[in-house]
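J.: Given next are the chains, with one letter for each unit.
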Amino acid sequence: MSVQEPFDIQGHGVAVKHPATQEEYGQLVQEAARGGQAVYPLGGGTRQYLGLPPVKPGVALCTRKLDRVIDYPARDMTVTVELGMTVARLREVLAAENQDLPIDCPDPERATLGGLLATNGSGSRRHGYGTPRDYLLGLTAIDDHGRPTKSGGRVVKNVAGYDMGKLHIGALGTLGPLVQGTFKLKPRPEATALCLVPLGADERLEAFANHLNQGRTRPISMDLLSPGAAREFARMAGQTLPNAGWLGLVGFDGAEVAVRWQVQNLKDELRSMASGEVVELLSNAMAWEALAALGGPHGSTGLRAGVLPGETVGLARALETWAPASGVVAHLGAGIVNAWGDPDTSREPLMAQVERLRHLAQPKRLAQSKSGWLVVTRSAPSARDARMVFGPGREDHPLMAEIKRQLDPGCLFNPGRFLTDL
Amino acid sequence: MTATLAEDKTATLLGRLTKIVGADGLISSPAELMVYECDGYTMEKNRPEVVVFPRSTEEIVGVVKVCNELGVPFLPRGSGTSLAGGCLPVGGGVIISLARMRKILEVDIRNRYALVEPGVINMWLTNRVKGDGWHYAPDPSSQGACTIGGNVATNSGGPHTLKYGVTVNHILGVELVLPDGRVIQIGGPVEEAPGYDLTGLVVGSEGTFGVVSKVWVRLVRNPQSVRTLLGIFESIDDATMTISEIIGAGIVPAALEMLDNLILGAVEEAFGFGFPLDAGAVLIMEVDGLEAGIDDEAARIEAIALKNKARKVSRANTEAERMLLWKSRKQAFGAVGRLAPSYCTQDGVVPRTRLPEMLRIMHEISKRHDIRIANIFHAGDGNMHPILLFDERDPSQVQRVMEASHEILDTCLKLGGSVTGEHGIGVEKIDFMPKLFSPDDLMAMTRVRQAFNPSGLCSPGKMLPTAGACSEPSSARPLKPGRRAPH
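First to last, the protein sequences are chains A and B. Using the numbering used here, the letters of the first sequence correspond one by one to residues 1 to 422. Using the numbering used here, the letters of the second sequence correspond one by one to residues 1001 to 1487.
Rather than coming from a laboratory, the hints here were simulated on the basis of the structure. Keep in mind that a hint or two might mislead.
[As the list claims (entries may be wrong)] With a straight-line cut-off of 27 Å between C-alpha atoms, the simulated BS3-like cross-links for lysine-lysine are:
{"id": "1", "chain 1": "B", "residue 1": "Lys1019", "chain 2": "A", "residue 2": "Lys184"}
{"id": "2", "chain 1": "B", "residue 1": "Lys1103", "chain 2": "A", "residue 2": "Lys186"}
{"id": "3", "chain 1": "A", "residue 1": "Lys184", "chain 2": "B", "residue 2": "Lys1045"}
[Stated by the list, open to error] For each label pair, taking beta carbons as the anchor points, the in silico distance ranges come out as:
{"id": "4", "chain 1": "A", "residue 1": "Ala191", "chain 2": "B", "residue 2": "Ala1303", "range": "17 to 23 Å"}
{"id": "5", "chain 1": "A", "residue 1": "Glu355", "chain 2": "B", "residue 2": "Pro1454", "range": "48 to 54 Å"}
{"id": "6", "chain 1": "B", "residue 1": "Arg1300", "chain 2": "A", "residue 2": "Asn210", "range": "34 to 40 Å"}
{"id": "7", "chain 1": "A", "residue 1": "Glu206", "chain 2": "B", "residue 2": "Glu1291", "range": "25 to 31 Å"}
{"id": "8", "chain 1": "B", "residue 1": "Asp1370", "chain 2": "A", "residue 2": "Asn98", "range": "54 to 60 Å"}
{"id": "9", "chain 1": "B", "residue 1": "Ile1109", "chain 2": "A", "residue 2": "Met236", "range": "34 to 40 Å"}
The C-beta atom is built at its ideal place from N, Cα and C for all residues, glycine as well.
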């Protein structure tokens, strides 16, 4: 599946090239650099709405043709692949050996592994399995001279050299295109379960979150869905909801006997707390997919915020009041909340709302060191600027800017698309 | 004249530092400084001019600023348990010991983190939270002595990192005194703040990016149940085949540790656990998780071990028995002195499936160089710690140990592995960097270091082959494998 051409990056049509090899990719980077063009690294094009619009004419270099399996020593539980491979394709390769890279990703048929890394993608299972930084063992990126530079290695434990892979994860491609990576893998669990906890009224939410932190079970996911998000989830997963209120979703996996024990325990423990019966969803593969894909209709405005885990419920409730018909999904273990809402919000009203919510994520009573953050993941391109999208600068931003200057002095890669100066 | 200038400079340095940390906050006499000439890697030594013991971030900042003004190199140090010369003061100058910054500043179980000063001993943290049913997961064998700050510098591992991940997977953020004296918070207890993951980069940077002055660590709930099994094998081959098969079967044990016959003898003499002295190797195999299903998992492991000709597989029946087994493993290095007057520990890694092959090659290397090699290691990760036994008074043995070490590490690379799994590059393995990485790879790393440490005054001569232009391979220094003399 190839991307549309010219590819639209936040309102800017950019010509796309499709190098077939890593070498060719490097040559095209060199060519762009020589011609004074910017390079916009592109995978499946599923999350280019993140960050800021391009500020310089350039070329999108698509990684989709770089999709080879380089080495899959399954019994070592690692895999080395080119990063233009889609997430779905990798899952297929790994499934043959009953293994998995347990990171949730919306639109896995189109999303590439490079994009997953560049955007630091994660979802509900991050509570049990972590995020891309916990899986990437080695990485090859293309530098500003078009040369491949690698860090890490292919073994599960390795502390030789700086861990440059960490730097590239979530960097939105601003430090160079990612072309090859080695991942640590997990065995596929024998069984999984996703339990639906009807919570209804607001006052049950905090008790639910607190309970999960100390209950006898060990969930791999613990999410809170606002009424709007619950409706969308039900629609996507083909489920019928018990009531119209807030919904808890708790996931387990592992040995069949352990999963059964946990489901039963959760039901018992939450009996008095939930507003209705705790139900285990059948055909749960579809429900997991729906949960990973949950994010509001195309074109809606998206927000993502982080606070201390214990503050998550408060933030989720605040975000729920943000826009009519909004949906909110909170990952209770990580303190990460995603929300989507009204597609029509123009800049000024949106900015006012964002400032209000940011203030909630960064309450004055918390020390600066514990302050949260809020990012506008998706909005009308014309309304996007650094202040709105990322909020005020933090004290480590000048150092990030210096790293960008060192690794990409000509500002070749994704210029202007990340935090100010990156 | 030069001597006078140097003396003047030292006097100025001492005077300025005393004003910051007080007269009882530094040492500078040659006798006292001897301890700080090296760390657990004793092959190379260099005396610092002074060691300071700051008590706060502000004092670290003061020290760093004085060093900058006077152009004196400096480096942080925890407990000095590094086995790769991570704390070796290559450029002399000032060692900033974090030994007096050892407060656990905050424990927040609800939010799953603790905030600690860098000098906090790894084990103290788990001791502090275990009553609540939580722990700090990375557990290096030296956890009774090593500091959290040192763990951050080297991205330490440990037996239980097989399931729970290494240090970087458990660090949420740090407060860092940059080499120019600025203080910044990187990351923190709130996850995923927008921007580059500088926390992930700083962990494992071996003190070359500044001085970590506070650390936010993730706390992990204790597993509900644990089963610890001991497998007795006739041969190392059978034991390594078992490891390979357990991982290959999709089981992720909490720990999978191997001890060979040579080390067993020493450990048995020291701790009296009851290991059979005629066994070729033993495996400590631990699974943890929910009580439901854990016995099935233990049974699967037992079956795999027996299929691979284990003589016997037994379970630790009591917590006391389990603790003794782990004590035997974690303090085994202390028992090595019973085997030889000197020893050298390596830290090579191979893909797990190559372990049987690697151990066969190691046996051959041992025979060819006539150097006994004891093996005790994190088998589940493919991270080996071959211990080369010798007498450092015999130059021929020293030479053979160096050659054998070199061959072992080169073999690790040939089999697709690395020269260090958890001890770090330090000064010891710096010459292997050009074998692991291309000049372009090393240049990218140098550029990153440049962003943090442009003057190069902080931890000079570490990690990257040459101070500013790493694309030139280093050839001036002879190769010095990780020899570690006894204390």
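J.: Hint by hint, say whether it matches the structure.
T.: Verification of the supplied hints:
1. B/Lys1019 to A/Lys184: 50 Å, violated
2. B/Lys1103 to A/Lys186: 37 Å, violated
3. A/Lys184 to B/Lys1045: 38 Å, violated
4. A/Ala191 to B/Ala1303: 17 to 23 Å: Given range 17 to 23 Å: holds, Cβ gap about 21 Å.
5. A/Glu355 to B/Pro1454: 48 to 54 Å: 36 Å, violated
6. B/Arg1300 to A/Asn210: 34 to 40 Å: 36 Å, holds
7. A/Glu206 to B/Glu1291: 25 to 31 Å: The hinted range 25 to 31 Å holds for A/Glu206 and B/Glu1291, with Cβ atoms some 29 Å apart.
8. B/Asp1370 to A/Asn98: 54 to 60 Å: Between B/Asp1370 and A/Asn98, where Cβ atoms are some 45 Å apart, the hint is violated.
9. B/Ile1109 to A/Met236: 34 to 40 Å: About 35 Å separates the Cβ atoms of B/Ile1109 and A/Met236, which means 34 to 40 Å holds.
The structure fails hints 1, 2, 3, 5, 8 (numbered hints given earlier, in ascending order).
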